[in-house]
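Two independent chains are provided; combine them into the complex using the hints.
Chains as they are written, first to last, in my numbering: chain V, 453 to 1233; chain G, 12 to 501.
Hint data in this document are derived by calculation from the structure and do not stem from the laboratory.
Since we're looking at a predicted model, the values are computed, not measured.
We put the CB at the ideal spot given by N, CA and C, even for glycine.
Ranges between beta-carbon positions, derived for each pair:
1) 530/V <-> 218/G: 32 to 40 Å
2) 1018/V <-> 165/G: 51 to 59 Å
3) 676/V <-> 368/G: 54 to 62 Å
4) 368/G <-> 491/V: 39 to 47 Å
5) 455/G <-> 599/V: 50 to 58 Å
6) 146/G <-> 917/V: 54 to 62 Å
7) 374/G <-> 1126/V: 32 to 40 Å
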Amino acid sequence: MSQLSQRPAFPAVGLAAPHESARLHATGQALYTDDLSARMPGALTAWPVPSPHAHAGIRSMDTSPAMDVPGVVRVLTAADVPGLNDCGIKGDEPLFPSEAMFMGHAVAWVLAEDQDAARAGAAAVVVEWEVLPSIVSITEAIAAGSFQGASRTVRRGDAAAALATADRVLSGVTECSGQEHFYLETQAALATVDEGGQVFVQSSTQHPSEAQEILAHVLARPHHEITVQSLRMGGGFGGKEMQSHGFAAIAAIGTLLTGRPVRVRLNRTLDMTMTGKRHGFHMSWDAGFSDAGELLALKAQLTSDGGWCLDMSEAVMARALCHVDNAYFIPNVEATGRVAKSNVTSQTAFRGFGGPQGMLLVEDILGRAAPLLGLTAEELRSRNFYREGQSTPYGMPVRHASRITTIWEEALERSGFAGRRRDIEAFNAAHPHSKRGLAITPVKFGISFNLVAFNQAGALVHVYKDGSVLVNHGGTEMGQGLHTKMLQVAATALGLPLTAVRLAPTRTDKVPNTSATAASSGADLNGGAVKNACEQILERMAQVAGGMLGVSARDVRFTEGRATALGVAGSGFSFAEVAMKAYLQRVQLWAAGHYRTEGLHWDVESMQGEPFKYFAYGAAVAEVEVDGFTGAYTQRRVDIVHDAGDSLSPMVDIGQIEGGYVQGVGWLTLEDLRWDEGTGPGRGRLLTQSASTYKLPSFSEMPTVFNVHLLQHAEEEGAVYGSKAVGEPPLMLAFAAREALRDAVGAFGPAGRSVTLASPATPEAVFWAVEESRAAAASEA
Amino acid sequence: MNNPDPLADTEPAFTVNGTVRPFGQVSAHTTALDWLRDNGLTGAKEGCAEGECGACAILVAQGDGNGGTSWTAVNSCLVPMASLDGQELVSAEGLGTPEHMHPVQAAMAAAGGSQCGYCTPGFVCSMASEYYRRDRTPAPQGPDGGGGETGPNGFELESLSGNLCRCTGYRPIRDAAYALGPPGNDAMAGRAESPAPAPRNTLLERTDGVFVRATTLPQALALLSGNPEAVLVAGSTDWGVEVNIRARRAPLVIAIDRIPELDAIMATDTEIEIGAAVPLSEIERALGGRVPMLAQLIPQFASRLIRNRASLGGNLGTASPIGDSPPALLALDAQIILASADRERAMPLSEYFTGYRTTVRRADELIKSVRIPLPLDNVNAFHKIAKRRFDDISSVAVAFSLHIEDGVVATARIGLGGVAATPLRARASEDALTGRPWTLETVQRAAAVLGAEGTPLDDHRASARYRSRMLSNALLKLHALNSPSQEAPQ
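This is chain G alone, in the form it adopts within the complex (with noise of 0.2 Å):
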């Protein structure tokens, strides 16, 4: 590689429950649950190895993008133990011991919240993240007791949502959780008055491949350029799974996540900039409601515990026929930006994907940010097909965003994903509509067409047939939904 040496700043090391520790002979693969459970930390759990069961779960004080920090639960499992060099990170047995427990500790053993106790410690991270989240807002309870996805003490069920429980039918923990009071004056609390760690700048050299951590733009564009064949990585969520699962290892890796232009949101009167690394929970609180098709989105995609990691460089970076969130995007008519250490380059992101996870994408450059314009139209509804509601993949993603003004479609972007070797507009049905009055016979003609765009495949997940007729449903449903003369189906 190129003259890394300028990158070396002091000895890897991270806080650990308060301690500090020195990296040791860690390879640049090690992650954060291996590094954890081989220094006597083995609290948290390897379930899955790929993000999807919670086991592993530890918080991480992260930016809260206002000055101070969120104790932010991860998975351990997928993050590089390199990528948290100088970082802080608390688990379970941080958070309390068995004579001093931690607030949820303590209302997870009481309530029943643990059987089998296996995934209990990635729970109690899960639930102390939320407990610690400073906008809980407390929502309404149902008349016969159910509090549906938010509790009386404003926590909400789905940051539970990437832990999975085999022995108790998550009840109990659901209780410990609502009964959760207001977070004290403990450390953490107090911890998360003062800004979060600053990135290092991270060189981790090792047998099995070498680590860096690009803290300004031409500096990732500069090693980008000098090796194409490097990973670039900001949550990591993806790669971490290729490198558990598939034991994928790398010759070079860069981390992008702290780079001030990719790390950013801003709006203007005509566009709304995402920069390519940003959360997807930091997009969700920092745009709030501001758009409806990413405030539908979000939530489908994935656990909390990724959506702390993922963002939406990386989904568009891996290029999945079946990612969420390049649906969602089509639809909103986004630009993609890529950067190189000779130019940056614009363009609409149904330019962007070439076949089955390939993209015009060139080696040496990386995804900037992702760029929405202004005004959104007046409807918007992102649509997802799965066997699970919390935390699934999809079998067929649609969004939908139209334009309809006194009656008419005036325009219609939709969406697909799952449905061909790509992400895909509907562009057939979009012409079925536009122009058309928003009526039930128009719906059911476009929705025809919908059905027999892309090429679904038979799988696991879901047949062709259902796939198709998915497509055509949504479109239908979304009209049930947003026509006064139908009636809502829920």
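One chain only, chain V, in its complex shape (with noise of 0.2 Å):
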């Protein structure tokens, strides 16, 4: 056990502590950034006119119109910017851009009284365009060689020569579309300027302290005279890590210039036409297998579709390309990885961040593979896993491979696999029209950010005089439960119970160059950083105890808000009485922690390194049952078991791991973005631009049947309190859904026969590939 990951007696982590903020949720009462302009007299609101193009150029423009419109107070354009026009970190972002480079780019907003009379006069702003032309899909991207940022290899052994010498070698091309974040609270901001001209900025952000460097950039001001606050959002997912900074910058511009709060509020349409989603990918590859069902060898294309601009989609890539492996051995390796450049949105994070399209690669590659080698897809699989002392294609070991392997069987015991694998025989055997389908698929993921700058954080803690804790740390609270866990953390490390603590907002002013709260990172560096902060006051309180307790500081422990002394009978000081004394004994009784993640280095160039702290695994068992009429599927048990290491709150954790496989599920079977590829005027227009027309998973997709547990008995020393990061690994979990499709998909065609399956899954999907197996099974009769 290391220090990090040691857990003292009576731990506040650990405990099943429902979400921090769940009575305010459930009544209404938390506050999201646009109920706090709700609250804020005054308020401008800054409504966007969009491009009708997917691309062109802006012959001119004239405001006027828009003046002229009750309400209106002002237009903003690229001539109000004080500082550098660009909203993102690699220069190719322009908040007030020239040239529309997407329908929807926003290249005007106006600011009115109200959000009628900002639309009105966003309406009434005339653009006198120059249609230019546009790629609008991957294929078109490739097609025109429509390229941007740096193209990246991960390369292991000679995966040519070991494709020549397999004894099974298959080729195809996987695609997948990408996916709507919908968090429920659009993108928001709100900005006010105070009397000594400084910038406050209310974010929904993922990241606060970027949101602060790009409006010190924007605004041409130093970072000190900016503040940003992420109170709480409403949902986040990855596409509030970078996305949301250009809706405070346009906050903080309206409101430099007209000396009101300006709050910024998408609509939904708004929202989802304007900001970047996952990555689609089109991924073609070859796969060398041993007739013993050995993964031998993959060479594989990966092309992401970033969309207009870099954003993050190099990084993403990064991701893609360091988890084509998932769970599995592959000697020999060759994975180019590039991406397109496009007039569509620009794509950015989403959970998993590049992780699940690699994994679907190789998922995708088994899935097909299985019965032409003669195997079960699950055999298949299990053949390939990682042992002891093997290394990933980029050089980094595999610490803990068994733990797949356990994962693995205890799902398969669980889930009671080869019973319900012959019930289903059984079932199917009986209904023509219908079939179900089982399988399992693992995870592994690994856990930091390939960026090694982006693995710290900060923290400030303080001690008052009754004892009552504060604790300010730079991660942000998207729902994902962090904040609740960092109580956790600070109350087990000061020995206090979970009441004692309490948590103020995310802001800059508090806690200065943080990290974005992404990458499932969030628990691990804040909570490295919480814990030393109040391991620093708590080391100082220990001298005064011993002092009160007449013992050396080193046998006084905190335990359960008292201070007692070890081996000593008594009931000692309560914290309270301890941190009075300290404070009259002129004791500092706050801190600032921090915390790096040790061990880390990645090299960028040659994909090489060991850019992960550690892997977090898991695997899922699902059923599904299909109809055979329409394609419409259900799925009827679906039983996870997951490594969170031990972990930190066992109630948050389950919520992530249901929540990321529903969302996984979403994404591989139902959410379906669509752009309009015709040549006629709507060209590049998103066509499921609405709740109604892009459909994430409700209630009817929710399994009948689900079961999760956490892997037991999981400490990993490299990580506070032995726990492991959760927010993304889950979500791929969901492979397993697919694959069970496509065993179901199979089970209408004759034994033995490779099934592809569209991603996402429609039902759709799902009918043309059943129809593929029975046409199979037709032709062989």
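Okay, here's the thing in structure tokens:
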């Protein structure tokens, strides 16, 4: 056990605590950014002037008609930007573009007394467009050679040579669509300026420090004149890591120019048409197998659709390339990734950050290959698992590789896999028009930011004279339960009950230079920093308590709100009494904590190194039933075993696992982003730009039986109190549902036939796959 | 507009969380959601502004059909403020406080039913509506812990079909709902014992337009005859979307949902007449399973939040080719009753639609009711093909009403949606079935005919090819489900 992972007696970590804001959520009292706007008298509302073309130059723009609309106060254009006209970090993301790069691209913003006036004003702005040629799909981009950023390759062994000698070589193309975040709270910001000219922006953002940095260059001011607060988000999922900054910048420019509070809140249509999504991928591949089912070689070309600007697309691709192996040892790998440039929204971070797309590749290959190799899919998968001592294609040892097998076997056992396989065979034999399918898939997901500098965090912990504790940290709360976990960490580190600790909203003037709350790392990084701050304070308080108890400081124990002497009877002193004494003795009762993840190194050029602190593991078993008449399906039962380390907060972690799974199932089966790829005036229009056309999982997609088990005795030495990150990895458990659909589709056809399945596997896609199965059965007969 | 003054009643006001609140400076198009948020009640959220996500759900006191009140969950983003004049509503803030939570709030908080919390106020309102429903009937639970879609406490999961959560995956919300006890003797349960508020003759004249509530049919028809450009609304579930998403505004909106003739269901031995403005949820409740076609249709029609406001008149008035009620009503051989100030006329629904969202209804007419002739045929089915089972729009919808006697199809009516500019009767397919034995051979031949009916399109919901196949397969599936020699797929 490491110092970091060691838990004291009676820890608050490990308790199944409800979300720290659960009561506020349930009673409608929890406030979100636009709820703050509703409480801000005199706030102006900003509304964008969106491009009606996928790609068009601006010949001229006349904003004066907008000023004639009652209630309109000002129109913001590029001329109003005091500093750099760019709301990204790569310099390719103009806040006010001179050329619209996608349909919906905002070229100006109207400020007005209310939303109706702002919207009418935006509609009144006259823009003369010069329509330019556009690329609106990944296929078009590949054909046109339209790419952006660097192309990278992960390489080990000699894939070409291994393919040449493999017993069986399969080739194919695997495509997957993107995914809309559909956080229930759309992008929102509220900016005010104080008497000293300092800008205060409340932003629904996962990355307040980067918002501050971007506002600084947009406004041409030093960071210390700008404060960004993220109170809480109504969902983020990566969609508010970078995409939020432009809206914060509009609000900030607006407030500086008008002296009034300015709110931006996108409605759903604007949010879906303006903001980036999960990247769709196109992956062509050759895979070589031995007759025994060993995956010997993988050669793949991955292309993502980055949309109109680079955003985080290179990092997303890097993570995709680092996850094409998933849980499987592949001795020879050559996987190259490139980012297409197209005239759609700028695709961005989304839970999994490329990992899901990379893992889809290998899971799709194995799912297709198993029947051809004469193996069940579960047998083919388990034969290729990493074993202890093996390394990933990018040169990182797979620590705790045996957990893959442990979890796999536990999932098979808990789900009653073998018995249900027999039941399903009997069901399928008796039902010509409907078939059931069963599958198990593994997850191995690397934890840490690939960008090494992001793997640090800060915290500021105050102990007041009455013993109450206020915690600030750099992480943001988007529903994932980070604040709940941080309260548990602070209470554990200080030996206090949970009720003694409170959290303050995340602000850049409390903890500076923070990283995005992303990459599942929020609890690992901020937990390390909170623990560090608490331990500094406790060390000083132990000196004081030692004096009070008449023992040496190292024999003082803080447990359940009391300081006692080791091995000495008696009740000791309350935490509050020690705090007051410490104050009187002029001992500092607050501390800034810092944490950096040790042992990471990564060469971005060669794509080699150890970019991850550890891997999170899991496995899911899914059973589906497919209606052969329609292709519609239900998930009858799902069993998950997941490795969250020794969980900091089991209710939170199970919530992340269930929610991630269902979101992953949404991506793989239901959520169907469509752009108009025709040549008419609607070219480049997002066709699914509303909740009525873009369907995310509802109650009807919840598995009827849904069992989630946390792997027990799963301490991770390299993370706070032995826990593991849990935000992203469970999303990829959803491959089990896709593979179960493949299994059911196969049951409509002859045995031993390879089944291809589109992604998303919508009912229509499943229906056509069933038709292929039936056609194969008919031709065999 | 024509002399509206007699309609003016008292200062518009409503009761919010137990307190009477005057409307204040609302526009004629202000939604209930915007009013709540502008007045400090920000629990209800705008997640989609089109009644798809339920983050804006609140409870409204509506008549329960038995002289009492039903706490009915509705999408506040679609409801014009003006239509709530004199009414009572409760938001999540009114259900309970962090210190004194309502049982549904306590259950959600304890179960991990909230993560980001943004959808939670809407969920608790939908859940509270079901919590107070008097006729909850416990359902037997499955052997492996799966309770199906009705809980051991009679809680119908489908009541939450209009609420989306992006965080939890729904399991803890289901568990919270299924663990709810019977309603206690709280103020809301007490309120449900007495009648719901009566409608008011609301008149709201504002710069953006005028909102009028008519409470009698002659009043509505007179208004309409003088103002044929007026927008008629009942539940406003369609008009609300136009207002929010397409920023449409109307000079005059006339609410017709509380007119007795439009708000009643009457049954005789020869027909059932359903008022055009009766909410679909009320139709479902009032008819029980008496019209199997509607009993199949209604749970598949949008979500309960929508059905608590939406009506057949609205669905037929919109005349969308992908509306779900027209195929069912066509198959039932329903008649539509149109009323104007000077006359009333009835016609078969099959003669009502004239083109894409156009009908024979004149601007001075309103849809008064729909008549379903009795007796019903013995095989009724409504097949909806969509990406998502709860609350989605049909790619295609197929309704069958067949009379099968001694193994022969005596009569057949098939209504189709989503395959042409209007809802259709599949006449050629009906002919291919009529008078023939109900055998696989007949069905296969008719299915081929059915697959060629209409002119389906490719769009983001489905390909034309899939739509055509789903027409054919609907008949094949119907036969498989209604033929002793075939296996049932479910």
